[in-house]
Every structure is written in structure tokens, then in C-alpha cells.
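Asks: First to last, the sequence lines map onto chains A and B.
Take the first sequence: its position 328, counted from the start at 1, is 327 in numbering that gives the first Met the number 0, and no numbers get skipped.
Take the second sequence: its position 220, counted from the start at 1, is 219 in numbering that gives the first Met the number 0, and no numbers get skipped.
Note that these hints are calculated values from the structure, not bench results.
A couple of the hints might just be wrong.
One copy or two, either will do: identical chains are not told apart, so a pair holds if it fits within one copy or between any two.
To be verified - Here are the computed lysine to aspartate or glutamate pairs in the EDC-like style, where the Cα-Cα straight-line distance is at most 20 Å: (1) LYS391 <-> GLU414; (2) LYS405 <-> GLU370; (3) LYS52 <-> GLU414; (4) LYS416 <-> GLU370; (5) LYS52 <-> GLU415; (6) LYS416 <-> GLU426; (7) LYS52 <-> GLU420.
These are the residues of each chain, in order.
Number of protein chains: 2
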Amino acid sequence: MTRKWLIKDGTFAVPDRENPVIRGYMLLEGSMITYIGEERPEGVEGAETFDGKGLLFMPGLVNTHGHAAMSLLRGYGDDMVLQTWLQEKMWPMEAKFTGEDVYWGTALSVLEMLKGGTTTFLDMYDHMDQVATVVEQSGIRAVLTRGVIGLCPPEVQKHKLDEAMVFARNWHGKADGRITTMMSPHSPYTCPPDYIERIVQAAHDLDLPLHTHMSETRAEVEQNVADYGVRPAQHLLNLGLFSRPALLAHAVHLTDEEIGILAAHQVAVSHNPGSNLKLASGVARVPELLKAGVTVSLGTDGAASNNNLDMFEEIRLAALIHKGVSGDPTAIPAREALRMGTEYGAKSLFLQDTGKLSAGMKADFIAVNTEQAHFLPRTDYISHAVYSAGPKDVEHVWVNGKQVVKHGACLTLDEEKVRFEAQAAFEGLLGR
Amino acid sequence: MTRKWLIKDGTFAVPDRENPVIRGYMLLEGSMITYIGEERPEGVEGAETFDGKGLLFMPGLVNTHGHAAMSLLRGYGDDMVLQTWLQEKMWPMEAKFTGEDVYWGTALSVLEMLKGGTTTFLDMYDHMDQVATVVEQSGIRAVLTRGVIGLCPPEVQKHKLDEAMVFARNWHGKADGRITTMMSPHSPYTCPPDYIERIVQAAHDLDLPLHTHMSETRAEVEQNVADYGVRPAQHLLNLGLFSRPALLAHAVHLTDEEIGILAAHQVAVSHNPGSNLKLASGVARVPELLKAGVTVSLGTDGAASNNNLDMFEEIRLAALIHKGVSGDPTAIPAREALRMGTEYGAKSLFLQDTGKLSAGMKADFIAVNTEQAHFLPRTDYISHAVYSAGPKDVEHVWVNGKQVVKHGACLTLDEEKVRFEAQAAFEGLLGR
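Bound-form chain A, shown alone (with noise of 0.2 Å):
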């Protein structure tokens, strides 16, 4: 028999809605959330209760661009010139990345992430099979994708096209459904045009939505027109990319007429304002971005360039630095805010059942102690959650019906192992 699940005296954020906080029940079915409303449900017989007292219920929180094994190199590089960063630390140290550091690396970010409250993750990297064990371990849910660059001997690219084909074919749908997987050439700038068009193919013929990274520095754009004669959104229409469900990570520097082809072609945007600020590479047109009709959604980007895989505060830097930059206070408001933190999270991942507290979604929900002074007074939880909530404010995790954080603990992973081998791990990359 299905597990029956109900949340009484609750308070729950539906940011999608209207009326954005609904104070009542929610019923859980087994991994599914089946009513949500003031009033108690009925046939609940039988179910247990849980006392939803002094909690704030969300949707959790949708991570949709990152590296997670790059938390070995967190605080190992920064307040430097891109290209500096990327030559002199970051490369060095990722060329000795083995399955076993990846593995580590990416238990410490899902450690991070789940309690932080993001229940849904995507990740660009290498070694993902690793990367998928430890999601199906940690009962995160996960988008997976074999991030390929193609600066390599033909070969060498046919060998990289393939692994990142079977990674996607044999973990599409696995660990309960976890787990989906796309295909990814890395950018524009490193991968030449013909192969971006094999990856195509292969997403065609796999059937699988697109990742790739475009526009997130001047120069990279600039490189486009002088390699290519157009600027890299209509770079990649040319090569077909939109004609499959894609996201793009970062797109910062976008021309009206990009905006446009972005729209026409429902291309998502994982805006990364964290990174994008720490790395000096601008300010998303966010705002036109949503305005066009564009999904946009947020993303930390890898623990090197941010350097916390802190949701909350994608969200809370969504909704202020665009005020601040376009001098209109009503920019970005608090509930698009959470909603790109969320709902468009999991639209952009192309997830359906993901993202929102409604009857008929996967429960995949976080439970925040807002009996705090900097929750008070009880104004406008929206608000709260955008402007004042932090990670570690997060109580208890839910992801697929099944709890994953209580208490602020992690039930699924062993935290301090995971600390203390991650730790080694990042130790054996500089003593080799």
C-alpha cells in the first residue's frame, strides 16, 4: 500500500499562484504530493501526521547549471583574471581530476546543496558515472550531462561524442527516476562547428534535451563574430541546436536580436549571477530576458567561481542586482525571484513534475524554521524567503516522497566521511 503523508498547520509557499502562500495541509502519496489546500483533505485515514508548525513549506530549490566536483577546488583560485584562473589553477588541477575525486567532490556539493535546500541539481562534467552514483545515493534529484570540449584530435572527439552518448542512454530515467541526461557540447569557443553538429545529431537521435555554455564573457563573443561572422546565439540556430529543447548557462551578453532568437526558439537561460559577479563577466539582461518571454532559471555554476552552492542566494542576488543596475525597484520581484529558483528551474530542465507545491507534482519539498528573529514579523513569507532566508535556515528535505535532510542533517549521506575524504582528495591533487 502507498505510504499516506499529511502536513497539518502548515505554511506553504506556491509562488506560481496567485495567492502565494496557501496556510493548511498537504498530503503526500507515496513520492507524489496529492492535495494542497486550506481545508484537510479527505481520506486520510491511516496517514501519518506531521506537525507543519512554525515551518515554511517550498518547492525545492532548482540548481540548473553547475560542476559539482569542483568543490575540491573551492577557494584554491580567486580574485583573479579569468584566464589566469583558468591556466595557471583551475586546469592544471582539473587534468588530474580522477573518478574517485569526482566522486568526493561531487558528495561534498550534493552535501552542500541538500541542505541548502536544492533538490534538483544539473551537472556538467566528466566522470559522470561517478557523479550519478552519488545521486543515486544521496536521493537528490539530478540532470547529467557529459560536458564534451572538442579542441582535441578527431579521435579523440569521436571518443568523448560516445561516452558522453552512452552515459546519457544508460542513465536516462534510472534511480527511481532521479535521474534524466542531456547532451552537451561545452561552448561555442571549444568546440568547432561540425562537432557541435554531430552532438546535435546525437540528441536527436537520443532524443534528449541540450546544454551549453554561451555568452558569458565579451571577449568569447567577440572570438565568435571574428571566427564565425555572427554573434553565438545565431551560431548555434545555424548549427541546429535549438531545433531540440535547449538550455543555455549564463548568456550574459545578448543583443536584442539574440533575445529575440532565444524566445522564438524557447531556448532556457540558467542565469548565474553569483559567477557572472565573482568573475567579472556582467550582468545578465535578465529582466528583458523574462520580458521576451524567455524561461530564465538560476544557477550557482561550479564552487571555484562563487564559491557556495547557496540557492538562497541566487535567488536573493536575482532579485536585487537588477534593481540596482537598471534603477527600476520593480525589476525583478520576489515572487519571480523564487519562482526562477524553482518552477522555471525545473521547466528549464525540462522536468514537468518538479518545481511547485501542487496536487500531481513530485514531492520534492524543503521545510524552513521560521521561528526566527529575521523571519519576523510575519509580514510576507515570499518576501522573507527571497530577501531574508539562508541555507541554513533549512530544517528538513524532502526529494521524491522520501525524507533526505531532518534536522539539518543529512540521512542519506555520511557527512563527515564525505568531508574528511573530500578533504584528501583535494590534498592528493597537489601532492601529485
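Start from chain A and add chain B according to the hints.
Replies: Quick look at chain B alone, frame taken from chain A:
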């Protein structure tokens, strides 16, 4: 006999030094730090010892601009145009504030600040005896000033100024020296020139520094030029305000010439990045100010325009936004951002003996729990403190040598009562 207290096996953040992290010992005697270094100090027989393992000790954070009682209006109005927000939301409610409201609003803020690692704050508000009482009871350090608005008849102006002077004289040096005072015309646009001159004279008479809002919005700068023919920095210079030690809040819209005026007169600036972004005021020219030699510190402003009192967030915003906006990833390095939130904060408040972990300083410091995923690997603790830490990572807090937060719980205020009374005060305001 003065109590001695030795922290061993600690990691200490000393961003004022060339090598910004010390692993070793810190000795406290009474309210003072008397030793910090790698070697165990001499003469510590009879000292109590404290195991610093797994903790990062940092100078207490210094919040140099705010209106603590305004936390009673957190979330009461967001994402609105400034004038609408002030006229329809803030001012009608603030007009109803009683001394008791100010007491509980301030207590709510002090609770949030202490638990989040802030050991010193500046407060500019009304009913300041109530604010001082909270400071006395809570054990926090504060610089307090009755902000005066001069858009009123001469007798009311005089009454306010007298009140500000009596408060400043009565409380300066009180609460074991934890309270100092300033004089504060609210701003050039809310105080006629002759009133500002009288306040400056009062500050001379009392030998106190001055604090005021300046150039928060573009509109007020334009108004100043229209009314007085000069921009605000020149206007305040003309009125003698910079003949005293002075601290300006916001200072978002500055010309090169104004930056020169501030530097020449050693005027300090409280940069409030969260509030400036949320109210869409703009991004202050902090890299240029620092380059010119101006002391720039950090403030949260009131919780109604932030919406929290998290100084870790202000430090991180200061490190991030100036990189993103300038395009220079070295704009405000982590160490400089941390100094802005600690050492430069103390300097901005004209406090000689706090803001650093160093022999001869007051023992105002915090201990952050680094046994957590987001503090790994152990690469660079200054980077972690700035880019990854949050208020709830604070495990212990000491002010003036006395522990005021232990394992995240406030030892000096009754948390549950403060939360209850603050909520009741807000409901009372709504009801009358």
C-alpha cells in the same frame, strides 16, 4: 584578579596582516586581547583554556549604518518605487512608533545581529534611550545617534536638537564603554543649511563625530544642485560638516571631485550594497573611493530595505558587485572586503580598539564552525569567510571579553520573548 582565558589550536583571521591567517593561540585578559600568535604565550598559568579546533576566529563584524527598530517593518513593503514605499508604507507606520515599539524592534535586530556575528553596530533613529537600553542589556557594542529631520518649525527643530544632545551626552561611554555617541542631521535634503550648521556646532561643543545620509539617490543629488547650486559633498563641506570626524551613509552618486573632497577631509563612507540594490539606488563607486584613500565600511541599513541584518552578505556583496559592474575580477579582493566589514568599520565609527584580532584590542570576536561542507577544502579561510560563510555558521560570539552567543544561542536576550514581543508590536502598529 583579571580573568585570563586562552584559546588554543585556533585558526584566526587577521586580514590586516600580510599573512592573513594565524594558527595558534589567543589570550584574553578581562575585556582585552593581550596576545595572538603561533607560539603558546608566557604567563598563562591559571588561565582557562578553550579548544579552538574546527573554529575560525574572526574579528566581530561591524555594521556602520542602520535603523534597528525598522526590523518591525521587514517585509511590510517590497519591490516598490522609493517614494511610494516611503510615503505609503514606511512613514505612516513609523509615525506610530512608540518607545516600546523601538525597544522591541531594536531587540529583534540586536538578536539577529549578535547571532549572525555582528559585535558593533551604528544606529540612527528616534527614542534612542530605548535603543541604548537594549545595547546595555544585550552586551553588544554600539554607536548611537538620534537622527534629526529639520523639516519642521524652529521650536520643533530646537527640541529635537536638544534631545539629540542630551542623549549623546548622557550615554557616551556608558555600558562599560560599549556605547559611544554621534550627532546626526538626517540628510542634506531633510535639514535646512542653518540647521545643519547648528548640529555641526553641537558636535563641536560635545566633541563628537557626525553621521548623515548623503547622495543615496540620483534624484536627491539633483535636488541639492537645484536648491543650493552645488552637489551634496561640496554643500556639506560648505556647512562645516567635514570639520568634524564624519561618516556618510550610502554616498552612491559621487563625482571624482566629490571623492577628492571626502579623501581630503578624511570623511568615511558606509557602503550599503544590499539596500542600494534593493531600493534601486545604484552601485556606489567603492573601488574609486578606496583607491583615493577613503575609509569605506559596510552597513545593512534598516531591515525594511535589505531585508536582513546579515553582515556576511554585505561583505560578500561588496566583494562581488564591484567586480561584476567594473569588469575587473580583482576590483575588491576577499581580504579587502573582510577588512571593510571589520577593521574599516571600527575606523569609520572612530573606535580605536576594535575591528582587529590583535594585542591591545578589545576582545570583540566570533568563532565560525568550519567543520562543514562549504568550508572545504581547507584552501583559503579568508576566501571561505567572504565567499562562502553565512550568519548561521557563527557558533560563538564575544563582545568586550564577554561571551554573548554560545553554540548559536544568545546568552543575554530572551530570544522567545523578543520574537513574541516584536510580532505583538507589529500587530499593534497595524491595529492603531
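Asks: If a hint holds in the structure, say so; if it does not, say that too.
Replies: Going through the hints against the structure:
1. LYS391 <-> GLU414: both (15 Å within a copy, 18 Å between copies)
2. LYS405 <-> GLU370: For LYS405 and GLU370, both the intra-copy (17 Å) and inter-copy (18 Å) Cα distances are at most 20 Å.
3. LYS52 <-> GLU414: between (28 Å within a copy, 18 Å between copies)
4. LYS416 <-> GLU370: between (31 Å within a copy, 12 Å between copies)
5. LYS52 <-> GLU415: Answer is between; shortest inter-copy Cα gap is 15 Å, intra-copy 31 Å.
6. LYS416 <-> GLU426: Within. Shortest intra-copy distance 15 Å satisfies the 20 Å Cα cut-off; inter-copy 48 Å does not.
7. LYS52 <-> GLU420: The answer is between: 19 Å across copies meets 20 Å, while 38 Å in one copy does not.
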